[in-house]
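Those protein sequences? They're chains Y and D, same order as listed.
Okay, so the first sequence: first residue is 1 according to my numbering, each after it adds one.
Okay, so the second sequence: first residue is 1001 according to my numbering, each after it adds one.
Hints are supplied without guarantee of correctness; some may be wrong.
Stated by the list, open to error - Footprint (simulated), chain D over chain Y, 3 or more residues, beta carbon under 8 Å:
id : segment
1  : 514-526
2  : 709-715
Claimed, not checked - What follows is a set of in silico ranges between Cβ atoms, one per label pair, in the way DEER data are often shown:
id : chain 1 : residue 1 : chain 2 : residue 2 : range
3  : Y       : Ile230    : D       : Glu1106   : 24 to 30 Å
4  : Y       : Thr735    : D       : Ser1049   : 49 to 55 Å
5  : Y       : Asp398    : D       : Glu1084   : 16 to 22 Å
6  : Y       : Gln340    : D       : Gly1118   : 51 to 57 Å
Simulated from the structure, these hints should not be mistaken for laboratory data.
Just so it is clear, CB atoms sit at the ideal spot from N, CA and C, and this is done for glycine as well.
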Amino acid sequence: MKHILRVMALLLIAICDAQQCNQTFLGELTDFHDGTPIPGATVYIINFDRYTTSDENGKFKINNVCNGILRLRISHVACETKTFKIDIKGDTFKALTLEHHIETLSEVSITGQKILKTTTTAQESLLKEEMLQQYSALQLGDALKEIAGVSSINTGNAIVKPMINGMHSSRLLILSNNVRLQDQEWGIEHAPNVDINAAGQISVIKGSGTLAYGGDAIGGVIIMKPKPLILTDTLYGQTIISGQTNGYGYSVNSRLNKSFDSGWYVNALGTFKKNGDFRAPDYYLTNTGNQSKAFTLQTGKRSFETGFEVYYSYLNNDIGILRSSHIGNIADLVDAINAQEPIITEDFSYDINSPRQDVTHHLLKASYFKRFRALGKLNLQYDYQNNQRFEFDIRVGDDRDKPALDLNLQTHTAMADLSIDANDDYELQVGVLGRYQNNFANPDTGVRRLIPDYDKYDFGAYITSEWQLDNHWLFDAGFRYEFTRIDAKKFYLESRWEERGYDETFGDIVIEDLGTQLLTNPVFNYNNFSASAGVRHSINSKSQWLFNYALATRAPNVSELFSDGLHHSAARIELGDLNLVSEVSHRFAATYQLTTSDLDLNIEGFYNRINNFIYLEPTGVEQTIRGAFPVWEYNQALANFYGFDFSFNYQINEALSVNNKTSYILANDLDNDRPIIDIPPLNIYNAINYQNDNWKPLKITLEHEWFFRQNRFPDNNFETYIASRDETVLVDISTPPPAYGLFNLKSDLKFNTSKRSHLTLALNVNNIFNTNYRSYLNRLRFFADDLGRNVMLQLQYNY
Amino acid sequence: MKTIKLFGLLFLGLTFATSCSDDDDPEPVNEEEVITTLRITLTPDGGGSDVIFESRDLDGDGPDAPIVTTGDLAAFTTYSGVVEVLNELETPPEIKTPEILEEDEEHQFFYEFITSSGADVTYDDQDGNGNPIGQMIELTTASASQNTLVVTLLHEPDKDAQGVSAGDATNAGGETDISVTFSFAVN
């Protein structure tokens, strides 16, 4: 109380003062290392001899500041106390960082300028912990859609693949706690194997931005970081329980963190989710239930100078796939497209039957770092990943319970990185990486392998540098070399081998002739270069420009090279091509950012020209005993992607704020002069937020999302003769569904249950008006509507 | 320093782990489930030699189209037909018919004439629920003409839907396992 009186008195004095002292200073306090906000830090304003504290987002505000120098001394339990000098010119915003560690080396400077992000000139957006917790019961791909320009390509609603500026799968790189996920990401119906609850912060970088993790991120990089460590003697935890009406689903997630003054820490996290059949507005989506189990253990010891960590995570997802999406031939597909409702709709059930996926991912990581005085930091890391994927199809007889796909992918990676940051003006980072990967396709499935057995070897080396010219100009540049070798053993049907013409071009790779099948040993080597260069120009403390050029090169993936067979859910034969070469992308990006005390504005534009862009296209029809199937082949063409992402947030007053996000992409296949398939349509998001900090605090957000119809699409429709009906029909697999708009509501209330614990109650309603819609980017849109209304209640207890 | 040694050990372990991968060739997969062949043996009721209708696709989902063979039928004659389904990718060829009959409630063959002079197929068998399967049939020809017969095998059809047990697949739903068109002459 005394405190408040003193502040009020000072405020009064300040207001009476007639000179130019009506400026507002807004500070944002974050950890120097991982950019997470530092709440509850004591901010001592030396000029005024008064105190304030940072709020839960690490922000604090000082009113009635004079132009000139403002001096602050900021202290926090887990950090070194630091003094900042800030030049006030009008309303000023500044990001400040503290060293969130128990030990500090005196020569490491804290510039106060240091940005929370991984990159300096790339288009990078952050999703913070508070935002991620709202998605505790959902998927990574759902949460990422909070960022303008990020969408997802779905198979139903449980398989959500993130999409950045219209690109997905192998063109994105996903990092979980500094480990590049190796989870058969080439498949469009293979969702990333991560538990969103394990992330404390997610960075999304559009384009290949950072070269430290790979040079093949033509679409972008997603970096999931665990929650920051608090290195004092503490024990704390969090439990989130969610329930939802659609799918009668529930989810429990609990974590416990224990750390010691000595620097030792142990974190454990477990998640269990279960959903039954989801519901479209008019019917149940039979067999769309899913179940997910995840466990993470992290332990280690660290000081500022050195540390090590062992990290293990386990994830198992059992996902049902809409029963009606399994079809036998083209006639079935035509029936499904023409039917207004899915052909099979049953009553609600928690059962997960075929078709379904059962995927288990293990990730083990060990890392060690050491800081060297006047040099920088050395990081060594080894990780092992084991991805086991079963896909169960609808089968008959003895094969009924046998998986139709049984792939085991094991990956070992070792890397060493050195970042040289002793000098204030420039930073240099160098690193090497070695990776070995083995894929085993179990022949016991009794189905010809979709992906062959292979060994893959990668070697990479990179250097990136960052150079701060002055307070206004910052430059960065990087270069990476990557060698990839794929050594596969694949069986081809002799008829396919000859039809492809491989008997003439690849005759030397046949190692065994089994009569109807040939065993081949394709070995491919790729030498790929990637590079990036960028500049950041700070116009003033509120606004800046970023320009970035990135050259990214991606070797074709195993699916693009080796696919060979009938795809049941799409009723098409997909054929890879052994002749494919690497994709090369040139991406130019420009960003303008403005941050004032009440306005946040971010405008991003990009142009991405991709040579040898790999895509699937229909090329003909083949007859089988089940009837005719269209054949889709992987081809390459020159492609152009360009677009913009716009986001802004305006604080009208203390209680109300509005935001908007708009993204638009154009993508063309220049060789064939037509649009590229599966590009998100123009979408506009508007939201109004109400916040009452005095009452509980309460937050309410009303959102509206508008998705236009995608009018630019390649026409892959074809005509087929259906013998049993003696008619020729047009199979419309191209026309996108109509535009739609959805209203959502989000609200949360926070209760302080004791000094050290608090409870958050969140109520969210998605698709409030139970609107019927189908999304162009849902691969099951031919078969059923998307989800109807969903009311979710979430209880979050921090202790 | 201890930790560095530990790491050294770990990396060493890694090199071993990777160098142990075996170099054996993978086993070929002979597809068990594929249906390569549909064979209908038609025996004239009044005696005479069998006529065989067959569709055979020896590369399964491969690029080669099925080879369809038929024979001529006599006018105004009733034939008893028996259907055989085979997977000839296996040696010896696997006869899939018993597997279908074991799950007879989930399977049904449909016979539809696109062009004919009044030929007809009737079911000559029943599943446990008294619904037709279509593995055994009676085919009755009419006057001399050119005929086109479409044979379809559906998995999990709705046999109770309207017209399905009478041989009309329109309301049956289900998934198509076989769809073959036979053209033949009735003399």
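Now for the hints, and whether the structure bears them out:
1. 514-526: Since three or more residues must qualify, the claim that chain D covers the segment 514-526 of chain Y holds, with 4 doing so at under 8 Å.
2. 709-715: violated (count 0)
3. Ile230/Y x Glu1106/D: 24 to 30 Å: 59 Å, violated
4. Thr735/Y x Ser1049/D: 49 to 55 Å: 53 Å, holds
5. Asp398/Y x Glu1084/D: 16 to 22 Å: This hint holds: roughly 19 Å between Cβ atoms.
6. Gln340/Y x Gly1118/D: 51 to 57 Å: Hint violated: Cβ distance 36 Å, outside 51 to 57 Å.
This entry does not satisfy hints 2, 3, 6, going by the numbered hints stated previously.
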